[in-house]
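Student: Chain residues, written in single-letter form:
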Amino acid sequence: MTAVTDRLIRPAELAHLAVGARFLAAGAEESAYQVALDWAAAELAAHGPVRLLPADRVAPDGLCVAITLAGASAALAESLPAGDEPVRAVRAVERMTGRRAEAVVLLNTAAENALIGLAAAARCGLPLVDGDACGRVLPLLEQTLFTLAGAAAAPLALATPGGDVVTVESPRGSVEELVRPLVLAAGGWAVVAGYPVDGAVLVDALVHGTVSRAIEAGSKEGAARFGAWRPRRLCRGRVVALEPSPGPYGPDSTGTPVALPSRPTSILVDEEDGLRRRFRLEAHNDVLLALADGAVVAAAPDHILLVTGGDGRVLDVERVVPGLTVEVVVIEAAPAWHTPEGRALAGAVGALP
Amino acid sequence: MTRPLTVAELLRHGPLPATTVHGPTDLPTGILSVRIVDRVESLDTVQPGTAVVLVGHAASAAWTVEMTLRKAWEQAAACVVAPAAVRADSAGELAGRLGVPLLLVEGEPLDTAVVLASAVARPEAGRAALTARAAQRIARAGHRPEAVLAVLHDVLPRTSVALTGPSGAVLAGRASALLDSPSSAHVRVPVPDPDGGHLGTLTARSSSRAPDWAATMSEVLDLAVAPLTAWAAGERLRTERSERAASALLTALLDRYAREAEAGDATDSVTSAAIALGWATHGPLVAYALRPDSAVADAGPLLTAWWSRAGTGGPLIAYRGAWVAWHTLSGDETPAEAFARAERRLAAVVAEAVTPWRLAGAVAGPLADLSALGPALDDAVAAAGVARPGTVVRADRAGSAQLLAALPRDALRRPAAALLAPLLAADRDGALLRTLAVLLDVGGAPSTAAARLGVHRNTVTARLERLRVLGCDPDDPELRLALHLACQVLLEPDDAR
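Listed in order, the protein sequences are those of chains A and B.
For the first sequence, the working numbering begins at 19 and goes up steadily by one.
For the second sequence, the working numbering begins at 205 and goes up steadily by one.
Next up, chain A with everything else stripped away, as it sits in the complex (with noise of 0.2 Å):
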């Protein structure tokens, strides 16, 4: 039986994720991290381990349904879980496909998110499937690789700690813009199952091992976790000025994919050895595009991090400040966000709308 070789994600492993997790999601929320790490460990400990499958052991046409956190998860802190959500939304979610779900896949493997999806593999006793749909985190829900295969983020359920279940059907790509106000609608946040897909979708569309490997960075110390994702360094070198910034779109573009939160903002960055280039970052709550010395070097969808120099810690944008001496490195996307329809979809700066 395979089942016996499956590797399980026990209090150990869930650990090393929580750790591995939170990784590259600086701007996560600690408290709402805490909430989300307590309510997967409660649910190990009260039905066991969860089989991690990789793709290809999910059966072709078994139903598999993506898991995620939606709203603000300072919102999750306020307002906590009952614990039964994930299994509401994904019983709605089987409601409207008339299918039983057979395996749980992660829409990114970021912080809550992906210890969301564990809670919710284990109290449904479903399998997690190792892989994401993202590779990393994007601000909405479309922006997935599962989209760019052509499955749908709608039929797709969402379940409040207030005991609500919103089911969404819809025929149009873009479910975002309904379900951002529901979400505010049932007190700030909300778990979501949607893009009910078949195994042999995940088989090409998935970013695979994504949650065993950062389980495996979680068991690593120091600097030795960022090499899981191998990361190619830019620069290294002293944070010398913020200056606000119209954007990366420009000021009256409609690139932008969602009016987001923070304010741009360019980080210039001397580099302190080398070349001595001048690195600007043009950030708007991640880094979308670096340029050195006028030339780009690297640009959204890949990854464009900042990383401490002393501790090798991932910084947020938001706390950056002049002074730091940082390293700037990026982790590719996987390459499907390359292609026409990947950039476009992720709003990479010079796609076309």
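Note that these hints are calculated values from the structure, not bench results.
Fair warning: this is a prediction, and the values are worked out from it, not measured in the lab.
Using N, Cα and C, we set each Cβ at its ideal position, and we do this for glycine too.
Please note: incorrect hints may appear among the correct ones.
Interface residues of chain B toward chain A, partial, derived using beta-carbon atoms under 7 Å [claimed, not checked]:
1. Ser264
2. Ala265
3. Trp267
4. Glu270
5. Met271
6. Leu273
7. Arg274
8. Ser294
9. Leu298
10. His660
11. Asn662
12. Thr663
13. Ala666
Each pair of labels, with its calculated beta carbon distance range [said to hold, decoys possible]:
14. B:Asp242 x A:Arg250: 31 to 39 Å
15. A:Arg250 x B:Pro626: 37 to 45 Å
16. A:Arg250 x B:Thr249: 25 to 33 Å
17. B:Pro626 x A:Asp291: 48 to 56 Å
18. B:Asp536 x A:Val258: 46 to 54 Å
19. A:Asp291 x B:Arg672: 49 to 57 Å
20. A:Val258 x B:Pro208: 36 to 44 Å
21. B:Thr249 x A:Glu194: 34 to 42 Å
22. A:Pro199 x B:Arg672: 38 to 46 Å
23. B:Thr538 x A:Arg256: 45 to 53 Å
24. A:Arg256 x B:His357: 36 to 44 Å
25. B:Asp242 x A:Ala167: 30 to 38 Å
Chain B: place on chain A using the hints.
Tutor: Chain B in isolation, oriented as in the chain A frame:
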């Protein structure tokens, strides 16, 4: 075919008003065409030698300008033209590193492109045309320094010109011409007075670094020397014809400097007229008053003749019932020593005066500058009124000079510097002091302070942390008033920009 217009020529004689240039300004690169670019991607097809004018998206942010500069460098474009509104400190540095001139131009970028295109199409407009135009315009401007300087500014693009008196005070033109900056070309042309002495100096400063631009500037300045000397000659002639004119001018001059504390603008016709007459206008000064022992009508010609032969220097002018004079204390001595010597000389002159009357004299000084002259002359006149004939008294014992010297700013500067000593020691470019001042001005709100300073909020909070570490916490109620006062005292004179 005519040689194409080069970037250096464009910047020197160019038709672009109010242009700031970053990067090299003396490139011999010919401009072959002009191209308007609104998307950064369009630059991939730019031909070598193109002047790239940025509009729309391409001109919207510092990062697009930097990308454009890079592409312009890769494509060997001649220069990049962007609207002045772009925040371009970093882009300016990049222009220097890549050697691609970045021109920041005020006004509508499309207008700039049109002007640029017509200049590129007619490259023959050159140095000779410029000089010829200058000569015509100066000839028409007449002799008044203001008019002459206005013409110089018109014909020399991106150049500041100032006419300064012997003290260095600006008589006409722009004080910015005197700023010493290594990135600009300076030209100084002496202006002689009608007697062959030194009337003043014409100084021109230009941000253009083209090698022959200095020569062009000095050629044009030379054209202005004759009208300025003629102006001085005219002024002297007019005043010598009338004692009253001199008295009136002195009154106007004293009035002007009594108000100067608020005015702050040193360029005015009164000062110019005083300098044209050779009157001392810069400190340290000594003031004299003389009073004949009997009222005699028409004493003026005799007294002035005697004074110019035997006196201690300076003009002798009728003022408030007495005769006054003043001059600059020169030499290697301290002002106090020079003043003491001036007092002894006047005493000797008054004792030996061979005039129909006996004279009583008074001295006041040393005076820092003209603003102290009025009160000093009043003191001296009053003191001369009580001096015995044939003697000289000092009028300045309890005079206003001492009161002026005790003005709060001077008195407070040292304690202010002591209070802020740790900050000043750590503050290389003045940013911390300005940040502290602004934070105190706005009641400690970092966002408001950031907006006023034009920096990011996090920059302000980071500086605030440093300020606290340096013991200058603007939120400390014990310190706040003292810090604010210290900032005001230290920033007032130099930072009023």
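Student: Among all the numbered hints in the text so far, which are the ones the structure does not match?
Tutor: 17, 19
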